[in-house]
Every structure is written in structure tokens, then in C-alpha cells.
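Trainee: These are the residues of each chain, in order.
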Amino acid sequence: MSTQAAPTTVYSREFATGADLEPAANPERRVFADRVAHLYRQSILGILLTLLVGVIISVELWAPRYRDVTIMWWLITIAIAAARYGLYRGYLQRTDHDEEKWLRWMAIGALAAGVNWGIAGAVFFPSHTDDQQVFLAFILAGLISGGIAVFSSVWWTYALYAAGIMVPFIYVLAAFGNRLFAELAMLVPVFYVANIAVAYRLDRVFSSGFRAKEDYTRIAREQDAMNAQIEEQLQELLNARREVEASGRKLTLFAERAPIAVLEFDANATVLEMNPAAENLFGYAIGELIGRNGLQMLFPVDEFGVNDSWWRDFVSGVRPATLDRLRCIRRDGLEIMCEFSFTPLVNDDGDVISIIAQGRDITQELEAERLKKEFTSTLSHELRTPLTSIIGSLQLINSGVLGDVEKDMSDLTMIAERNGQRLLDLINDLLDIEKIESGKFELSPQVVSLDSLLRDTLVLNKSFADRYNVRLALAEQLAPTKVEADPKRLVQVATNLLSNAAKFSPEGGTVDITLELKGALVRVGVHDRGPGIPEAFRGRIFSRFAQADSTATRQKGGTGLGLAICRRLIELMHGSIGFEDRPGGGTTFYFELPALNENAGANMPQQGALQ
Amino acid sequence: MTAKPLERVCYVEDDEDIQRIVRMSLERVGKMTVEIVGDPMLAIDAIIGFKPDLVMLDWMMPGMDGPTLFRKLREDPRTKDLPVVFITAKANPAELAELRSLGALGTISKPFAPKDLPDQLRALWNTLR
Chain A
6 MSTQAAPTTV
16 YSREFATGAD
26 LEPAANPERR
36 VFADRVAHLY
46 RQSILGILLT
56 LLVGVIISVE
66 LWAPRYRDVT
76 IMWWLITIAI
86 AAARYGLYRG
96 YLQRTDHDEE
106 KWLRWMAIGA
116 LAAGVNWGIA
126 GAVFFPSHTD
136 DQQVFLAFIL
146 AGLISGGIAV
156 FSSVWWTYAL
166 YAAGIMVPFI
176 YVLAAFGNRL
186 FAELAMLVPV
196 FYVANIAVAY
206 RLDRVFSSGF
216 RAKEDYTRIA
226 REQDAMNAQI
236 EEQLQELLNA
246 RREVEASGRK
256 LTLFAERAPI
266 AVLEFDANAT
276 VLEMNPAAEN
286 LFGYAIGELI
296 GRNGLQMLFP
306 VDEFGVNDSW
316 WRDFVSGVRP
326 ATLDRLRCIR
336 RDGLEIMCEF
346 SFTPLVNDDG
356 DVISIIAQGR
366 DITQELEAER
376 LKKEFTSTLS
386 HELRTPLTSI
396 IGSLQLINSG
406 VLGDVEKDMS
416 DLTMIAERNG
426 QRLLDLINDL
436 LDIEKIESGK
446 FELSPQVVSL
456 DSLLRDTLVL
466 NKSFADRYNV
476 RLALAEQLAP
486 TKVEADPKRL
496 VQVATNLLSN
506 AAKFSPEGGT
516 VDITLELKGA
526 LVRVGVHDRG
536 PGIPEAFRGR
546 IFSRFAQADS
556 TATRQKGGTG
566 LGLAICRRLI
576 ELMHGSIGFE
586 DRPGGGTTFY
596 FELPALNENA
606 GANMPQQGAL
616 Q
Chain B
4 MTAKPLERVC
14 YVEDDEDIQR
24 IVRMSLERVG
34 KMTVEIVGDP
44 MLAIDAIIGF
54 KPDLVMLDWM
64 MPGMDGPTLF
74 RKLREDPRTK
84 DLPVVFITAK
94 ANPAELAELR
104 SLGALGTISK
114 PFAPKDLPDQ
124 LRALWNTLR
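Chains as they are written, first to last, in the working numbering: chain A, 6 to 616; chain B, 4 to 132.
If you are wondering where the hints come from, they were derived from the structure by calculation, not from laboratory data. Using N, Cα and C, we set each Cβ at its ideal position, and we do this for glycine too. It cannot be assumed that every hint is accurate.
What the hints assert, rightly or not - So the derived list for chain A, only partly shown, Cβ under 8 Å to chain B, looks like this:
| no. | residue |
| --- | --- |
| 1 | Arg-389 |
| 2 | Thr-390 |
| 3 | Ile-396 |
| 4 | Leu-407 |
If we strip away everything but chain A, and leave its shape as in the complex, we get (with noise of 0.2 Å):
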């Protein structure tokens, strides 16, 4: 026995056979586990034949003498019926699939019985009557021949049984000194070997018998197995009709109910099919469309897009084609200008079958974007050129040059002067964020030296800086350093950069600039000792409108536009900008942008402030 706590399959309900084995199992091996079967299953008819047959010639020989020995007889029947019926109840309960072992206790069993009525014969036969000697020699004829039906599905263990009838009531038969018994002692092999004959008879047919019991339960698992699959594959197809159907049905819907117009042609760019965005696009009915060349009917002022020759070759060269300005003709001849995209669809040849075009009206959104470009432009020039009036004569009178103006009026022209330049300011980073957004902002990229623009800047920045009693301190020895940038608009930045720092730095500070080489980047610092940036408004300083507090732009100007517009050029520059708190209070603003690569053997300086 095991003694491992593996879990143990017990066949007890039904007799064990090879179909209990795995399906995988050698197909002999399910054969011979069947063989085996059989032999336990007819070991009970064996058992109580054994029995029966007892009384009977319990009876029939009973003679008082023989008392003792017929006790004694009767003890060891009844001891292996009983063993055998103990072996069948452990075939019935075993956990194994040991069947030689099991076969080779049925062998021991069978020769055992065989065995127990050979000795019968030899003890009750030289001692009987003629009678019950012929008797005798009949029952056990007959158990001979009846342990064909109990033991021949595996016919050694038949042959076994009744060699251990034989060889004893031979030998009595030999030793009794009669003739007649001597010959019936030569005949008996005889018959016994008749009978193995027929058991390996028996035993053969028992085993194609088996085999073809086994092979039907295979076929037959496997057909379960197969319908199940069939099964299981019609329910998929099922299935996928469903999805085709539906998808079918949603696709319908789509077509129908879509804002753009779907139109499908056929590869002479016929028109196949239409939805009712098309209908209202074009302002046909589909009836006076299907059938008709869409080419004609719908694109023929499209010299340049879609015309014959472009057809031809959109059909050969079987790739999808978009085209954002398309004009076409509707029904009552109004000309349109749309969008469309054509896709073909091809068959596993490669042939095109058809051709789907989606496409929408944008006449009103090409007039739209005319007139913001209009009102754009006019609102540049309408409110700078009345700015510059504006300005410009508040700046004479500033400036001293028509002479001394009363304290008094010189403050408020300055008010003036300062609140139209925040005016000018505002229209200046409305129109800068317009034109990036709506993605018409050009640059004009060429190497820049970083250094020497900075130096300007500052220079450019000083007056505004003196206002608010900072400094503004480059650090030493700027090494030489390009980048490719549009200088302009890197001023800008820089400035924007500057202006803030000087507004929040405290009255007599310092503002430090500050030029880094960052491996493959430069990077700009501006530092301040300004109050830092307040915890709320980190995460949106630099969109639009973005500032800290209301009051500041009051105290401290600025649209609110400036870092948003800052950003935006960075990265149209391929750089980024961003901020940090600057240790012992304040901050640095810094943007960073790709070196070119003459700098890489540059030295550097490591940042510091100019005294």
C-alpha cells in the first residue's frame, strides 16, 4: 500500500474494465483489464457452482465412515470459496489498475478450487460403489467442462483449474489396478487437452470480443466527442451569423443615420448605394443617383481632384485616398466645396469590388476660417494703428522732449502711457496664441548664439527692470553656445521670462541668469527671490489666462498670456519649459533647448551670478 495521501480512485460500483482507463491508455492493455474483469465477474457463478455441486455429492456419497473426512473436505471448500469471494470483493474494491496481480490471485484461486476437487475424487472414488464412482467421474467431467465457462477468458488460468482436477483423479484412476480405469487415466489428458483447446478457443474469441467492445467505445468517444465539436461549430456559426446580422444591422443604422454623406461606387465609379446625408449633401433623391456615373454627376468642376484620370488610377493603385478640398456640384447646381476620402474595397484576388467614399460640406467652415483670418488681420492693424497714436503721443509728452509737463498731468500720462502699452501687450499675445493654436505660427529657425541673445535681452529688459529696483545679473563668462531657434521669438520668451521675475522679486533684489550645458540640451534659468509659486496654481501656469491672483494683474500687469505663450513657442522650437522652487526661496524658471552639436567640446562654465 501507499503510504503517500495521493487521491485513490475506488471502482467499487461497477466492475472495473478498460473502459475505466484512461481513453489514452494502450488499447491491449484495455483488452486485457476486460479479460481480467470477466474472470472475477464469473468467479461468483464459480463459487457457488462449487457450492451446489458439494451438497450434491455430499449427499449422494454420504456413507457414515467417511464422516471425518467429508467434515474436513467440506472445511476447505467452504475456506476457498470463501478466499475467492474475499478476492472478489478486493477486485471490487481495488485502487489500482494492477490487473496482472489480480490475474495472478484468480490463477492461484482457480488452481486452488481445482485443486480442492481433484482431492474429492481421489478420496471418494477407490472407496465407492461402481455406481457412484461413475457418479463421481461424471460430476467432476462436468466440472471440468463447466470451468470452461467460468475460466476461459484467460485460458491458462482455466487450464491452471483443471490440471488441479485432473492430475489427482489421474493418478487414483491409474493406481486403482483395473483396466478399464487405466485407459480412462490415458483418455483423461486427452480430454483435457480438448478442453484447453477449446478455452484458448474461448479465450480468443473473448478477446477479439473485447477489442471490438473497445474499439466501439473509442469510436463512440470519439463520435461524442465529434458531435460535441459539430455542435459546438454550429453554435459558433450561429453565434457569428448573429454578430454578422446585427453588425450588419448597426452598420445600416450608421450609414443611415450618419452626419456624412457614404456613398458606395462600383469600380467604373458608378453609383452603387447612398445614404441620406449624401441625399441632402447633393440633393438628390438615391433613386435619380443609383445607376448614374458619380464622376459626372457630382465632380465634374474637379479638374485637379477627382477626375476621370485620377479614377483610373485610384482604382489601380487599390489605396484608400483623402482629399480635403474637393468641389462638386449639386443637384441644383450649386457649387460646394467638401472633404472626402475613398476607400477601396478589395475581394481575396485583389480586385476592387467597390469603393466607399464619406465625406461632409466644409464650404461654411472654409468661409468661417475666412473670416477669423480676416477679422484676425483687422484686428490687428484697426486697433494698433489708433494704439500707436496713442502711444506714441503719450511717449512725447513722457519724455520730455515738447517740454516740462506739471507733476500732476506728467503722472497720469504715464498712467496712460502704461495702461496702453498693457492694452498692446494683451492684443499682441491674443493674436501670438491664435495664430499657434490655429497652427499658422511660422518661425524663422536659424542658429542662434544663446549667449549673445541673452546679453541683449537683458540689455532690452534693464528699463523695465529698473522700474520695480531689481537687478538683473547674467552669470560670468557665457560660453559661446548655439542652438537653432527663431531668435525673435526666443527674445520673447527670455523677456517674458525677465519680466516676470523683475515683478515679483522684492524691491533691491537680484534676479540670476543662468546658461547651463545639460548634455545634448541647453538650459536658461532665470532666478528670483521672489514669494515662489503658490501650491494652487502650479499645475496651470502655463495655460491661458493663468494667473496666480486677480489683484496681480492689477499690481502687476501682464494678460495672463505670457507663460502660455511661452510654452507653446518652446515646443515649437522642440525645447520645454518648466519651474522649480529655488533653494532658500524663490524660483527658477529655466526652458531647455536641443545643442547643436558644435557645442559638445565647449567648456562650459558652471552658473553663477555676476556681481
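Start from chain A and add chain B according to the hints.
Mentor: Chain B only, in chain A's frame:
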């Protein structure tokens, strides 16, 4: 081309307010002699009569815009060598680049600072040396 200082400037501009400011700026701050022309159609004759060192043109004017006037000046043998500076509120980079390629000396964007305008003009003038 020239070593003489910038003294005579002719400005073609339709907006009277800006005319006055530019005149004050150039005369009082820049100590220059200034001729203002309000109608671009009369500009070429006025320029020929005034003989300026440098011409300033507004960009957008009724009747004829600055770039058209500039091209006309370039076509006339009497004015074709005059340095021309544009003063403009409208700065389309492509158009500016085209004008520079035609020989415009430079552009000054509106609004300009009147106290700096003479310096800006002189700086452009000096690039001719």
C-alpha cells in the same frame, strides 16, 4: 553707399494723427527735416520734389498700399535707389521677406516708440554704409 548722416526723411502715411507724431518724433527728437505725404497717389512726385535721404512707407493705405507704392518707386529711375523703410502693423513674414528681397531697407513695426524712432531709422541707415 553713403557716409552722410540721415537728415531728410519723407513719410507716406494716410493717418493724420500718426503723421503728426512721426513728424514731432523725427523733427524734435531726431532733428531731421521731414516731409509728410498723406495721399500715396501723389507720393512719387512729392518724393522727387523733396529729394529725401530715406523714404518711410505705411503698409495699408487707401488707394494704393505701401508695397505697391514701393514697387512703383523701384520702377522709376529717379527713385529706384532710394532706401525705403516700412512702418507696419501687419507683419506677414512671407511678404516682409519678399520686400526685403526687392530691396526694402527694413521694417519698423507699429506701434513704435516715438522717442526711439529716430535711432531706429539711423540704425537702418547706417547698415547702408
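Trainee: Decide, hint by hint, whether the structure agrees.
Mentor: For each hint, the structure was consulted:
| no. | hint | in the structure |
| --- | --- | --- |
| 1 | Arg-389 | holds (4 Å) |
| 2 | Thr-390 | holds (6 Å) |
| 3 | Ile-396 | holds (5 Å) |
| 4 | Leu-407 | holds (7 Å) |
This entry satisfies every hint, going by the numbered hints stated previously.
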